[in-house]
Amino acid sequence: MKGIKLRRYHAPKYDEPIIMEMGVKGQRGILVPPAEKKIAEAVGPAADILPKKAQRQTPPRLPEIDQYHVLMHFLRLSQMTLGMETGIDIGEGTCTMKYSPKVHEELIRLSQMVDVHPLQPESTLQGILQIAHELESFLKAISGMDAFTFQTGGGAHATYVNACVTRKYHQERGELGKRTEVITTQFTHPCNAATPATAGFKVIILPQKNGYPDLEALKSIVSERTAALHMTNPEDTGIFNPLVDEFTRVVHAAGGLCFYDQANANGLLGIARARDAGFDACHFNLHKTFSSPHGCEGPAAGAYGVTEKLLPYLPVPLITKEGDKYHLDYDRPRSIGKVRSFYGNLECIVKAYAWIRSMGPEGLRTVAETAILNNQYLDHLLLKIKGVSRPFAEGKPRFEQIRYSLQNLLDETGFGTHEIQNRMVDFGIQSYWLSHHPFVVPEPFTPEPCETYSKEDIEYWATAIEQACKEARENPDMIRNAPHSQAVHKIKDFNQAEDADRWAITWRVYQKKKNKR
Amino acid sequence: MERKDFIHPYIPNSVPEVREEMLKEVGLKSVYDVYAEIPDRLRFKGRLDLPEPIASEARLKRHVEEILKKNSTCKEYLNFLGAGCWQHHVPAVVNEIINRSEFLTAYCGANYSDVGKYHARFEFNSLMAELLDIDAVANPIYDWGDVAGRSIRMASRITGRNEALVPKTICPQRLAEIRQLCQPEEMSNAIKIRFVEFDPKTGLLDLEDLKRKISDKTAAVYFENPSYLGFIEEQGPEITALAHSAGALCVAGVDPISLGVLTPPGSFGADIICGDLQPLGINMFAGGGQSGFIAFRDEEVYIAECPLEIYSLVDTVVEGEYAFAEVRAERTSYGMRDKGKDWVGTASGLWTIGSAVYLSLMGPQGMKELGEVIVQNVRYTENLLSSLPGVKIKFKQPNFKEFLVDFNGTGKKVAEINAALLEKKIFGGKDLSGEFPEFGQTALYCVTEIHTEEDLERLYNALSEVLS
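As they're listed, the protein sequences go chains A and B. Position 394 of the first sequence, counted from 1, bears residue number 394 in my numbering, the numbering being contiguous throughout. Position 334 of the second sequence, counted from 1, bears residue number 334 in my numbering, the numbering being contiguous throughout.
Errors might be hidden in some of the hints.
To be verified - Here are a few chain B residues that face chain A, going by a calculated C-beta distance under 8 angstroms:
1) I97
2) V261
3) S333
4) L388
5) S433
6) F436
7) P437
8) E438
9) T452
Hints listed in this document are in silico derivations from the structure and should not be mistaken for laboratory results. Positions of the beta carbon are idealized from the N, C-alpha and C atoms, including for glycine.
Bound-form chain A, shown alone (with noise of 0.2 angstroms):
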């Protein structure tokens, strides 16, 4: 990494107040419309009209702020959150913190989109129902299943519908009663252990071994009261589990269901589909995978999929095509019903409709081997790095992301990644993300080092981690005391935010625990 100079950045710092601190009494930031003459004239005031014992008695304490102020007060909040663009965002693995391209942007806020009203008749809605079914065609060629519902507000939110799709499929056989067990993955993601058990199932949590599921324990654990599987591949340390097509065979022998969380699939794309593995069902997240950029955190869409098979079960509507025309379809009587008001976020959808359009078949296959290339250059980098250790899976190769540990630094240290992470946006980088719960890789960080970075992107990252792991040894204030350059300085106690009697989760708790002590 010669060449490579860290930045002397730092973060706007504007102290800025909580907005309820803000403002002069009688200020407005916006004026609405009154009630036109002859309308005010015909109907008396809303106070006549209005129940007497519905009608609110105190005004809400909300600020009173002219629009300037607002404005300027909301920029500034903006300026204080790096986001992906002003700041590499290599660290947040799992979450593939692509490019979202502007020109998306451009095309979701022409009035055919913000101004369209979900129930308007389908003959005025064709345009963004194109783009759907286009898309769903797009996603079908992509992993080979046969249908897909964009209803899902999230990958979480798709995960819990197949475990209502799950529910149905076995209800409908009269086996509901007895399969009662989904089974997931320990480097699977949380969201397909907890949705199942919201659904009401019981979860059994597949032990690794090596950092790969293992396939001894999954064949011991499978029965008649198996339901579902619900797994990724490669999981969220990067490993590729190449038996996946065996666990799907088991757990379609024992009369299961089989769900592929494909929120790891921009390594894959063009490369591998979910059906060839035996799959009944996967879903992408657009947000990720497919450059709807992340809003923090939303709107988001995991667009769910499956095979013929759990087709009858999808949500209701279906987009449908007949001639050139395209229909919503709630004909279906074996349809779990509704996850979701009316159709999904419909602008994530023209979002990844546009940017698969952009790329063509042989540019998501450049997507993904790009995203797999950049990740070997980075691991090849980072592993150079003394204190870096990448547990499990010893030689082999890891796909678009790994779970990399700080445990020989700590050891040697004392300083361990939360430390690290917060010294790593002194230098003007997104902060690293850790790992899901519970850490079975012990001080974890799992970057992901999509397409969208450039190889000296790549190099800067692993520079600002050889720099933080430097002085933890050489300068241990520095960690210690870190972060330096941002808006705010070091949080003094996080158990502030575990006590009821010192957290305050909104202004006025703020306030009335302030004024207590």
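Following the hints, complete the assembly by docking chain B onto the known chain A.
Here is chain B on its own, set in the frame of chain A:
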């Protein structure tokens, strides 16, 4: 085979020389050395059946624009559809802020690098708390129906009971989502849904029926105000008192835009409040602007059972600086997987920031005036339409933003009426003959601040022609 000639503007390392250099550095011949981990039987060998790329931005934009042009809009047509997605004015400042690159592209960046995101979330929670008159607000998720289901599940865990009472006038779409979260009854954690009757004249919840049905099995009494059918459910205090007297929780579903003029459920003691943020400054996006919020008491038992992320203001080592941290993250599905409270995930973060900006702009006076003009416009439209022969307003109770128009006396079906209105470039109210067949031919009309007197007269004139 690996190709080397697709240089894409979104992929810096698609340049062949750079790839060669990187491969050489890591000691690989090709990335297919890594893909060798995938057994041959699992490899996709064909070419994906996708259209050829539209490589230039100019052509791509043109292509998508041409498709989207097939949509008609509520700017070209005069719109009276609501029913869960509502046409309101979206302030320019809201759009400016939610389109900021930093907010648009941030994700799970931690406490420091994304502190502005957490600051804005805390402000959203604080502003909503004032609007709802309750102390704790969680980070929102998918939509109203989803949070109604989650609120009922919270109530079930808090009370240890497994039955919920809901009004028969509940929005069927929301009910379907509640069922998805609480049923089917074979499941060990199922919650039984029972319906409470309503007064046929006013639509209001039948309190006598509620008294009959509430019991020591009831976890939650859920009601909506304004109701799905538009009428103002003014019995919030009575419903809450009845719920409490049976040891149940009161869960109130609200349209937050009504709360400049209507009593906030927190002030009569509702325990959990939920609803949708879309009216507060979020564009319709054909239903893509939904976001469900949950608010509750600042008590440990509520925090402990809330499935969503909750944030607290915390101190830094420098006096007077505001930072933010997650409250008891361990309880969520991220912390405890299947042992966590339901689940949480990426949903609608950008919309919470949009709503925070919206409420900051509106202030107390803006919210009040907005509520007033909606109520006046609704009453004016009701008066106009009920003067048409055969047309009635279904419920006598005053309405907020939406109202049920009864066309039974016209001898025409709503479907026919709406088809004729469409010819006149009007989206008539939602046809409810499917969802509420017992009402015959009725339609749910939505009138907001965006409608002018001229718009309402145009509807009146169009309907008189259609019905004559």
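Against the structure, the hints come out as follows:
1. Against a cut-off of 8 angstroms between C-beta atoms, the interface hint on B/I97 holds, since the closest Cβ of chain A lies about 5 angstroms away.
2. Hint status for B/V261 relative to chain A: holds, with the closest Cβ pair at about 6 angstroms, below 8 angstroms.
3. Proximity of B/S333 to chain A holds as hinted, the smallest CB-CB distance being about 3 angstroms (cut-off 8 angstroms).
4. Using the Cβ-Cβ criterion of 8 angstroms, the hint placing B/L388 at the interface with chain A is not satisfied: the shortest such distance is roughly 16 angstroms.
5. Given hint, B/S433 at the interface with chain A, is violated; its Cβ is 14 angstroms from that chain's nearest Cβ, farther than 8 angstroms.
6. With a cut of 8 angstroms, the hint placing B/F436 at the interface with chain A is violated, because the nearest CB-to-CB distance is about 15 angstroms.
7. For B/P437, the interface hint is violated, since its Cβ never comes within 8 angstroms of a Cβ in chain A; the closest pair sits about 15 angstroms apart.
8. The interface hint given for B/E438 is violated, since its Cβ lies 20 angstroms from the closest Cβ of chain A, which is over the 8 angstroms cut-off.
9. Given hint, B/T452 at the interface with chain A, holds; its Cβ is 7 angstroms from that chain's nearest Cβ, closer than 8 angstroms.
When the structure is compared with the earlier hints, violations turn up for hints 4, 5, 6, 7, 8 and for no others.
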